[in-house]
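A.B. asks: Each chain, written out:
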Amino acid sequence: MSKQILEGPGIPSAERRAKGPVACIECFQQIPCNPCEEACPRGAITVGDEITSLPHLDAEKCNGCGLCMTRCPGLAIFTVDESCAGDRARVSFPYEYVPLPEKGQEIACTDREGRFVTEGTVYQVRTSKAFDHTAIVTVEIPKEYSMEVRFIRRPGTEAGEDRGEVDSGE
Amino acid sequence: MRKVQLLIVGAGPAGLSAGIEAARAGVQVTIIDENLRPGGQLFKQIHKFFGSRVHNAGVRGFRIGEKLLQDTKDLGVEVLLGYPVYGIFPGGEVVYGTADGAHQMKAEKIILATGANENNLYFEGSTLPGVMTAGAAQTMINLHHVLPGKRVIMVGSGNVGLIVSYQLLQAGAKVEAVVEAAPSIGGYGVHAGKLKRAGVPFYLSHTVRRAMGSTEVEAVELVELDHFKPVPGTEKIIEADTVCMAVGLTPMTELASLCGCELVESRGLGGLVPAHDHNMCTTNPDVYIAGDISGVEEASTAMEEGRLAGTAAAESLGYISEAEAAEKKAEIHRRLDLLRSGQFGAKRAEAKAEIEKSFAQMQRGGEVG
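These protein sequence lines map, in sequence, to chains A and B.
Read left to right, the first sequence gives residues 1 to 170 (the numbering used here).
Read left to right, the second sequence gives residues 171 to 539 (the numbering used here).
Treat the hints loosely; a few may be bogus.
[What the hints assert, rightly or not] Pair ranges (Cβ atoms, derived):
no.: 1; chain 1: A; residue 1: 84; chain 2: B; residue 2: 344; range: 30 to 36 Å
no.: 2; chain 1: B; residue 1: 172; chain 2: A; residue 2: 41; range: 50 to 56 Å
no.: 3; chain 1: B; residue 1: 268; chain 2: A; residue 2: 126; range: 48 to 54 Å
Because the hints were derived from the structure by calculation, they are not lab data.
Computed from a predicted structure; not experimentally measured.
For glycine and all other residues, C-beta sits at the position ideal for the given N, C-alpha and C.
Turn these sequences into a full structure, and let the hints guide you.
C.D. replies: Have a look at this one:
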């Protein structure tokens with residue numbers, strides 16, 4: 001598996017990620033959309049008047065609270081925290097399936113293509129009326145995978161098969 | 171015969187928005203729909219919408235539907251349900267009916283918000299139970315809470331195919347494949363991303379060759395395409411019990427044709443649509459259109475077009491001044507322009523401009539003739 005290097009106005013630097021939780025906005029197409037901008041209580045996300053502009057993250061203002069994650073209709077915002085002890089990192093992602101994973105559960109963590117990356121532990125599952133049925137799941141994983149892991153194998157589904165020759169659609 | 175000022179055909183997002191806008195101006199509005207429930211496709215949309223705050227972005231579609239119904243009720247808009255409209259005759263005579271017989275009414279102005287029909291694909295086995303449109307599957311899971319099958323093949327990777335695939339996963343089905351004839355995904359990357367993270371395979375440059383099974387779908391044969399032509403020897407069989415087709419929509423223009431509205435071909439927006447101007451007025455000056463009938467887009471643009479048509483109809487009925495209407499329409503156009511921008515929206519903006527150009531040509535032709 002090749003390491004994907006992410007670039008864009010919504011992607012925080014490695015230095016910033018090492019300092020603590022921060023949003024990682026993986027929105028790369030010019031879609032007319034801006035709820036993330038107003039979701040942020042700290043004004044860390046800017047889309048501007050041209051609502052097809054890609055969201056720009058001011059990573060110094062962002063504290064990784066994750067409120068934007070539940071407002072993004074594309075479910076394209078994640079948070080990454082590389083400041084955990086013992087070479088661990090925490091990755092959070094929006095989750096809209098039932099059943100929810102449980103805190104403390106050992107779980108297979110997957111990448112953007114649904115491929116297995118590493119085993120991890122469910123650190124936290126946040127739900128709130130304000131999230132409108134989008135939960136935030138946080139997994140703790142080895143730090144080296146913090147920019148790879150973006151999801152989990154959903155509880156209740158079988159292990160993914162080898163996806164071989166299938167085109168990933170990029 | 172019963173007389174109404176403004177009749178709106180179709181109680182989906184466009185029709186309801188048009189009714190609300192016109193009723194706010196004081197117009198006496200009747201909305202008629204053949205379905206037993208209002209809302210069109212909105213109540214199937216359980217995902218959060220795109221756009222900005224003025225477009226209800228970040229709000230789930232069905233909640234937007236609830237708000238529209240509440241506004242309709244608060245404004246005293248009459249909504250007739252379960253009545254298909256059969257015909258519209260010169261002078262605004264409208265015939266509609268149910269099993270109890272045909273009824274007639276006369277409308278001063280009409281807004282057609284009839285929506286669009288889903289396209290089908292025809293292949294060996296496409297009449298087997300288990301083969302359906304994506305919209306049908308979405309109705310089953312989100313309105314009736316019935317899973318159409320456990321293992322689904324989705325044909326088409328536009329936003330409808332991607333969104334319905336995601337909702338099928340949420341409902342507990344396994345999506346075995348999203349099949350796309352083109353070499354790239356049609357819809358938003360972020361919608362596709364939800365599926366990819368969940369492990370759904372995408373078969374680009376592929377199509378369905380046949381659905382196999384004796385009494386229902388048991389498996390599906392896919393074949394690779396090279397420039398949309400099947401490549402022999404690349405067939406593969408995937409076990410599945412459901413095939414969903416999300417291969418575009420076609421505007422429902424039958425009533426517009428009956429009203430004498432001239433149609434124009436818009437390849438980018440689903441086929442033949444009634445030619446219309448910047449106010450959604452057709453070549454019949456008493457008939458306006460809004461939503462997918464005027465070119466297939468999505469619910470947010472449908473609602474804005476509805477507001478536009480509702481405002482224009484209220485103006486033509488004398489309920490708002492030209493100046494006030496101009497201001498309102500400019501505001502709505504600003505919001506529409508936002509929705510029709512960016513790498514996906516710009517093409518729709520161009521297609522819309524083409525339709526308006528055709529309308530202008532027709533009007534000039536009419537004057538000469």
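A.B. asks: Determine for every hint whether it applies to the structure shown.
C.D. replies: Hint check:
Separated by about 34 Å at the C-beta atoms, residue 84(A) and residue 344(B) satisfy the suggested range of 30 to 36 Å. The given range of 50 to 56 Å is respected by residue 172(B) and residue 41(A), whose C-beta atoms sit roughly 54 Å from each other. For the pair residue 268(B) and residue 126(A), the supplied restraint of 48 to 54 Å holds, since their beta-carbon distance comes to about 50 Å.
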